[in-house]
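*Asks:* Sequence:
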Amino acid sequence: MPGLGCVGSTSKQRKWLHALSLSPMDCMKKEDLKQLPAGTGAFPFAAPAARTSEAKESASRPEKLAKDHEAGEAALTKLAVGDATAFQAALAALKDSMVWMGNVNAEPPPTKKAKTDGDAREPVPLVGPASPSSLDKDEDEEDEDAPEAIAARQQAQENLSKPPKKGIVRYTFRDEGLLGIRLSRDVPPWILEVREGTLSYRKNPRVPVGGVVIAINGYDLSSKENPWAIKALAKRPVVLDVDWPIDIPMPSVSSA
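Numbering (full-length UniProt numbering), first residue to last: 1 to 256.
Keep in mind the hints are simulated off the structure, nothing from the lab.
Pairs of lysine-lysine residues, derived as DSS-like cross-links and limited to a Cα-Cα distance of at most 30 Å, are as follows:
| id | residue 1 | residue 2 |
| --- | --- | --- |
| 1 | K235 | K224 |
| 2 | K231 | K203 |
| 3 | K166 | K231 |
| 4 | K235 | K162 |
| 5 | K162 | K203 |
| 6 | K165 | K203 |
| 7 | K162 | K231 |
| 8 | K235 | K166 |
| 9 | K162 | K224 |
| 10 | K203 | K235 |
| 11 | K224 | K166 |
| 12 | K203 | K224 |
| 13 | K165 | K224 |
| 14 | K165 | K235 |
| 15 | K165 | K231 |
| 16 | K203 | K166 |
Label pairs and their in silico Cβ distance ranges:
| id | residue 1 | residue 2 | range |
| --- | --- | --- | --- |
| 17 | R174 | R195 | 14 to 20 Å |
| 18 | P237 | R195 | 15 to 21 Å |
| 19 | Q154 | G210 | 29 to 35 Å |
| 20 | A89 | P37 | 50 to 56 Å |
| 21 | L94 | G39 | 46 to 52 Å |
| 22 | T85 | L36 | 51 to 57 Å |
Idealized CB from N, CA, C, for every residue including glycine.
Make a model of the complete structure from these sequences and hints.
*Replies:* Following this line, the structure appears as structure tokens:
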């Protein structure tokens, strides 16, 4: 408020309190409050047009579509005969017209999701032991006596008999439970996640995120996919050969 100055001294504080205590509206009547101040002019803007209801619009839509369709046909006829003046006049009649687009289905038809190469690159979920019932019903057990399976098993046993190479840590899991690792679909697969509290998390040293699994139970994964290696994840014991990531200090042990 002008003339009161800054609040500081006692006298100025009284002035402020006196100014704040004034309430001129308390001394006015309700009729006076409803009246416009002197010198107030009329409202300079036009009153907004009343909105038509959606029901009226939907009812008049077919009729408007028919009229606009006729106007469009007339404009095309003028254009076909080469009457430019009449065509321009017909275009003016088509302003703000509704165009008929045919019987279009607003909802897209349901499409089946096709398998693509991108789907195959999705991460493998957290692996763990399969239930005994599923192992008993596994159809692939019939292939264990096949010559290819026997040769792969012999090669895996030979790989396990050798110590791991430099830069590789061999993890052995004998206990039942969730391994807690999530692998990528790469060849060889990367370790994308190690879930807290699982077997992989409790290992010392802990299974590293960013490591590369190059073998499972001796089945080599370094150059190509190996179906027997993936099946071995559900069995116990399971042995993982992990190529240690370069951004994590290499542990002093080669087996855990």
